[in-house]
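2 protein chains.
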Amino acid sequence: MEITIKPIATVRNSRVEPIDDHWAAIVTDIVLTEDMPTEVFNHIADFSHLEVIYYFDKVKDEDIVYAGRPRGNPNYPLTGILAQRKKDRPNKIGLATVELVAHHGRTITVKYLDAIDGTPVVDIKPVFKEFQSKTEIRQPDWVADLMKNYWV
Amino acid sequence: MEITIKPIATVRNSRVEPIDDHWAAIVTDIVLTEDMPTEVFNHIADFSHLEVIYYFDKVKDEDIVYAGRPRGNPNYPLTGILAQRKKDRPNKIGLATVELVAHHGRTITVKYLDAIDGTPVVDIKPVFKEFQSKTEIRQPDWVADLMKNYWV
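Residue numbers (the numbering used here), protein chains in the order written: chain A, 20 to 171; chain B, 20 to 171.
Read the hints as simulated data drawn from the structure, not as lab findings.
Please read these numbers as outputs of a predicted model, since none were measured by experiment.
Treat each hint with caution, since some may be false.
Ranges between beta-carbon positions, derived for each pair [said to hold, decoys possible]:
(1) V78(B) <-> T154(A): 24 to 32 angstroms
(2) E36(A) <-> T57(B): 28 to 36 angstroms
(3) D82(A) <-> N92(B): 40 to 48 angstroms
(4) D76(A) <-> V78(B): 18 to 26 angstroms
(5) G91(B) <-> K148(A): 16 to 24 angstroms
(6) E36(A) <-> G137(B): 34 to 42 angstroms
(7) D80(A) <-> T57(B): 19 to 27 angstroms
Cross-link-like lysine-lysine pairs, in silico, DSS-like; alpha carbons within 30 angstroms at most [what the hints assert, rightly or not]:
(8) K106(B) <-> K130(B)
(9) K105(B) <-> K148(B)
(10) K130(B) <-> K106(A)
(11) K79(A) <-> K106(A)
(12) K77(A) <-> K148(B)
(13) K105(A) <-> K130(A)
(14) K167(B) <-> K105(B)
(15) K111(A) <-> K153(A)
(16) K111(A) <-> K130(B)
(17) K106(B) <-> K153(A)
(18) K105(A) <-> K148(B)
(19) K111(A) <-> K79(B)
(20) K153(B) <-> K148(A)
(21) K25(A) <-> K105(A)
(22) K106(A) <-> K130(A)
(23) K106(B) <-> K111(A)
(24) K148(B) <-> K111(A)
(25) K77(A) <-> K167(A)
(26) K25(B) <-> K25(A)
(27) K153(A) <-> K111(B)
(28) K106(A) <-> K148(B)
(29) K111(A) <-> K77(A)
(30) K153(A) <-> K130(B)
(31) K130(B) <-> K148(A)
(32) K111(B) <-> K130(A)
(33) K111(B) <-> K77(B)
(34) K105(B) <-> K153(A)
(35) K111(B) <-> K106(A)
Backbone N, C-alpha and C define an ideal beta-carbon position, used for all residues, glycine too.
The following block holds chain A by itself, in its conformation from the complex (with noise of 0.2 angstroms):
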């Protein structure tokens, strides 16, 4: 089975790199295609968080991975490729939590959008309280290590 999906908008930022850290400062318009109408983001401003599900469009197939040690870091564990989010991944979706900052027509600008300027986006939802975690999040120690210069 092969599902075919096709972009709705695109990611304009100042990035135009694969580069793994130092996000913090990258606030990103997400333009509609031009066969997405307009009225598809009504209202979506009384939302303050969105979930925006993007394409890494720049992954070769042959990069694609099933396990490794994230960031190929001798330190970490052997880790299937679910187990982890980076990009050479099969399908090479990716998926961030992101804060509105503003919408005018057919554009949003949102902050903690951790993907480069060109990145087709093929999906963005409201984060509901509803769908949040309903218990404490636990993780292996190797990711506030990975993530430590991520958000800087």
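Got chain A; can you put chain B on it based on the hints?
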């Protein structure tokens, strides 16, 4: 631009019809497709929560909407599809934050996945504390009303 993706796993649970509410009792197995190696799940149980991205394969193209009142309720505002989580949306992509209950070989068992039996899964990511919302979530009043029986 068209993007082709493939299921990496399949939802197995007791819910065979699309129903809006009463998801609390549903426990779901997510089983890898044949072409996914077992190692993609290595160390996944080090995480308490996962984000599951799936495909609403039962949605017909002609049912996709760009805006409307959530669940057709006349008391709710005319809202763009990207400010709703409704299934009848461009690209038919679903997303849930789930609790991991167990991992055995090619199967993980989860709670709080609002997808019916047979639904194709296209990605699974671990929830990192560092990707959680950094500020308080704000949402319009209709959301709590719409969600009142969802997790019952």
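Hint by hint, here is what the structure shows:
Between V78(B) and T154(A), the C-beta spacing of about 31 angstroms keeps the proposed range 24 to 32 angstroms intact. Under the hint 28 to 36 angstroms, the C-beta atoms of E36(A) and T57(B), about 34 angstroms apart, fit the expected range. Checked against the given bound of 40 to 48 angstroms, the beta carbons of D82(A) and N92(B), roughly 46 angstroms apart, stay inside it. Range check, D76(A) to V78(B): about 25 angstroms between beta-carbon atoms, so the 18 to 26 angstroms window is met.
For G91(B) and K148(A), the hinted distance range of 16 to 24 angstroms is satisfied, since their beta carbons lie about 23 angstroms from each other. At about 41 angstroms, the CB distance of E36(A) to G137(B) agrees with the hint of 34 to 42 angstroms. Between D80(A) and T57(B) the Cβ separation comes to about 21 angstroms, which falls inside the hinted range of 19 to 27 angstroms. Using a Cα cut-off of 30 angstroms, the hinted pair K106(B) and K130(B) holds, with the two alpha carbons roughly 19 angstroms apart.
Of the pairs offered as hints, the one joining K105(B) and K148(B) holds, with about 26 angstroms between alpha carbons and a cut-off of 30 angstroms not exceeded. Between K130(B) and K106(A) the CA atoms are separated by roughly 26 angstroms; this keeps the pair inside 30 angstroms, and the hint holds. Only pairs whose Cα atoms come within 30 angstroms are accepted, and K79(A) paired with K106(A) is accepted, the gap being roughly 10 angstroms. Taken as a hint, the K77(A) and K148(B) pair is honoured in the structure, with Cα atoms around 27 angstroms apart against an allowance of 30 angstroms.
For the hint pairing K105(A) with K130(A), the CA-to-CA distance comes to about 20 angstroms; that is within 30 angstroms, so the pair holds. Between K167(B) and K105(B) the alpha-carbon distance is near 16 angstroms, which keeps this suggested pair within the 30 angstroms criterion. Between K111(A) and K153(A), the direct Cα distance comes to roughly 28 angstroms. Compliance with the 30 angstroms bound is thereby established for this hinted pair. Our distance criterion of 30 angstroms between C-alpha atoms is met by K111(A) and K130(B), whose separation comes to about 25 angstroms.
The hinted pair formed by K106(B) and K153(A) meets the criterion: a straight-line CA distance of about 23 angstroms does not exceed 30 angstroms. Taking the CA atoms of K105(A) and K148(B), the gap is near 16 angstroms; set against the 30 angstroms cutoff, the hint holds. A distance of roughly 25 angstroms separates the Cα atoms of K111(A) and K79(B); the hinted pair therefore holds under the 30 angstroms criterion. At roughly 14 angstroms between alpha-carbon atoms, K153(B) and K148(A) fall within 30 angstroms of each other, so this suggested pair holds.
Pair hint K25(A) plus K105(A) holds up; C-alpha atoms about 22 angstroms apart against a cutoff of 30 angstroms. This hinted pair checks out: K106(A) and K130(A) have alpha carbons roughly 19 angstroms apart, not beyond 30 angstroms. Between the alpha carbons of K106(B) and K111(A) the distance comes to roughly 22 angstroms, so the proposed pair stays at or under 30 angstroms and holds. Only pairs whose Cα atoms come within 30 angstroms are accepted, and K148(B) paired with K111(A) is accepted, the gap being roughly 22 angstroms.
Taking the CA atoms of K77(A) and K167(A), the gap is near 25 angstroms; set against the 30 angstroms cutoff, the hint holds. Restraint check for K25(B) and K25(A): satisfied, since their Cα atoms lie roughly 14 angstroms apart, inside the 30 angstroms limit. With a C-alpha separation of about 26 angstroms, the suggested pairing of K153(A) with K111(B) holds against the 30 angstroms cut-off. This hinted pair checks out: K106(A) and K148(B) have alpha carbons roughly 18 angstroms apart, not beyond 30 angstroms.
Among the hinted pairs, K111(A) with K77(A) is consistent with the structure: their alpha-carbon atoms are about 9 angstroms apart, no more than 30 angstroms. For the proposed pair K153(A) and K130(B), the alpha carbon gap of about 11 angstroms is at most 30 angstroms, so the pair holds. Using a Cα cut-off of 30 angstroms, the hinted pair K130(B) and K148(A) holds, with the two alpha carbons roughly 17 angstroms apart. Among the hinted pairs, K111(B) with K130(A) is consistent with the structure: their alpha-carbon atoms are about 25 angstroms apart, no more than 30 angstroms.
As the CA atoms of K111(B) and K77(B) are separated by approximately 9 angstroms, the hinted pair is consistent with the 30 angstroms bound. Taking the CA atoms of K105(B) and K153(A), the gap is near 21 angstroms; set against the 30 angstroms cutoff, the hint holds. Only pairs whose Cα atoms come within 30 angstroms are accepted, and K111(B) paired with K106(A) is accepted, the gap being roughly 22 angstroms.
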